[in-house]
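Novice: We have chain A already, so just place chain B on it with the hints.
One line per chain: the protein sequences are A and B, in this order.
Just so we're aligned, residue 1 is where the first sequence starts under the numbering used here, counting upward by one.
Just so we're aligned, residue 1001 is where the second sequence starts under the numbering used here, counting upward by one.
Be a bit skeptical, because a hint or two may be false.
Some chain B residues judged to face chain A by a derived CB distance under 8 Å, without partners named [unchecked claim]: (1) ALA1027; (2) ILE1028; (3) GLN1041.
Computed footprint of chain B on chain A; a stretch qualifies when at least three of its residues, placed anywhere within it, have a C-beta under 8 Å from a C-beta of chain B [said to hold, decoys possible]: (4) 307 to 318; (5) 344 to 352; (6) 358 to 371.
Distance windows between CB atoms, simulated [what the hints assert, rightly or not]: (7) PRO1003(B) / ARG463(A): 38 to 44 Å; (8) ALA256(A) / PHE1054(B): 32 to 38 Å; (9) GLU1051(B) / GLY429(A): 45 to 51 Å; (10) MET1025(B) / ARG398(A): 43 to 49 Å; (11) GLN1026(B) / HIS137(A): 23 to 29 Å; (12) LYS299(A) / GLN1026(B): 35 to 41 Å; (13) GLU1051(B) / GLU430(A): 44 to 50 Å; (14) PRO1003(B) / ASP394(A): 34 to 40 Å; (15) GLN51(A) / ASP1048(B): 53 to 59 Å; (16) ALA238(A) / PRO1052(B): 21 to 27 Å; (17) GLU430(A) / PRO1046(B): 43 to 49 Å; (18) ALA349(A) / PRO1046(B): 20 to 26 Å; (19) PHE1054(B) / LYS20(A): 46 to 52 Å.
Since the hints were derived computationally from the structure, they do not count as laboratory data.
All values reported here derive from a predicted model rather than from experimental measurement.
Backbone N, C-alpha and C fix where the C-beta goes; we use that ideal spot for every residue, glycine too.
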Amino acid sequence: MSELPWMGVVELARAIAAKKVSPVEVMRAQLARIEKLDGRFKSYISVFGEQALETARHAEKAATAGQRLGALHGVPVAVKDLYDVQGTPTTAGSRFLKTPAQRDCTAVARLRAAGAIILGKLNMHEFAFGPEGINEHFGTPWNPWDTSTHRMPGGSSSGSGVAVAAGLIPMGMGSDTGGSIRIPSALCNTVGLKPTYGRVSRAGIWPLAWSLDHAGPLTRSVEDAAAVLGVLAGHDPADPSSSGHAVPDYLGQLAAPVRGLRVGLLTEYVAEADPVVQTTVRAAAQVLDGLGCTVEEVKLPLARHGAGASFSILISEAGAFHDPLMRKHGTEYSPDVFRRLLVARFLSAGDYLKGQRARRLIREDVDKVLGRVDCLLTPTLPIAAPPLTATEVDIGDRKESARFALTMFTRLFNVTGHPALAVPCGFTGEGLPLSLQLVGRAFEEATILRLGHAFQQATEWHRHRPTDMG
Amino acid sequence: MVPFEHLERRAADLLVGVALTTPDMQAILAQTERVLAAIDQLDQLPLDGVEPDFLNRSQP
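One chain only, chain B, in its complex shape:
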């Protein structure tokens, strides 16, 4: 069983009734866990006061 540490933290936030009617649930959860772990690592960055950068370079 893959540990779902990061996923469990978010479980309470998930919309009730998300209907993922697929036999691949275990694979989806494992993939999600890896993605969330990488995203959670971003908390190590000094993000205070940093605004999003959507990379819109339309103005020279």
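Excised from the complex, chain A in its bound form:
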């Protein structure tokens, strides 16, 4: 099969600008691969084949005429099916949302303005409410790192993780309320960036919990994530949480030296992970040390309250948003999602506000540590991908609920809003991917991207490819 689907966002954009490859050739190769493999992977909910090819023809014409449409000229991209794309339904992974969107969401509009071509919409956990990434309506995406056992792809952006890892798209947009970009990234061996709260517009993206939702990319390299963030970041008056902070040149700053950066290894999280994860993340810390960073152990005394704050805010906000829909379409929800939304009816306003008050203390706790170090280093997850049917997982010699385990180290940074980057950092003996998480100061994505990029320049983990499954 063609190697074109394995080219990254930046690599493709440069090759198209230099007229070394044509956007039509790239799009045909990508569509052919999806046609051949996605019946098994189930990463897409819809593919805009003809429309994407037509847009690629326009991009090719412009490239031939020496015009550059933008930083992503001719690059195929896909979005989780909770991003509005004009003229197509935003299903949010459900069976009853069928009305076509009247306009593009801000993120899609910015991707298009930069010359990217929207190829399709990606599968997801229904309503983005689940870290396993299952979907009973469209079929659960298959984690490409095990061809025989159906393992969790990770959610809720499961289609994004699988499509990027399996060479079915160079970049898939996801959303992250408790880890939904970073969890599938970790389980599928991709890079996942949850930017600072307010950095990327949420306007036109189906919400789960307004004050925890973040939009961001899943890619195969940190360089590609930096390029996409550069296109997406910036104030949007349509999103009341959108920030007016200046947008730096993320791509331009990637190659700056990391020597002298202070990295705080979060000992509580490392100690709670499975032994193979602990060993792998400590080895990654050694790599950063070898690059000239100063790695020191740090503690976050309030980290253990992340679960309480996250649960109270997430369930209250999701319950409030879904209440009218549940009354009308209750029987059409997946039972697992409906059950979790019902929990909201047992929470009081006081519970919700307790979470929002705790959030202030927890955020200040993280800010305080980030005043001493430039970023935090943690495992992204305590485990590798469990079988799809697992309700409990072993972490070392203890058992934990699979659902709880998947968000153990990610949800804290939705509560605090700090930027967090998942980066591949190794494999288990069974060949399942492992991931580290870098967490930066608010609006300092450039620092964690620089560190992640330096790590990828020094390692090969992100270059591994899963076996094709026809």
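Specialist: Showing chain B alone in chain A's frame:
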């Protein structure tokens, strides 16, 4: 039988007649218990005088 310590504390506050007509009631209650236990742990924090933080970062 799962103990519903945290749930029982709130039972009196629940609206009368919440109609949860589902065969999954036991699963919902178990899930609720876990969530409430985590939320109740927030009482260990020094929350006196602390205002909510809705994380609205729209002002640079």
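Novice: Which hints, by number, does the structure contradict?
Specialist: 7, 10 and 14
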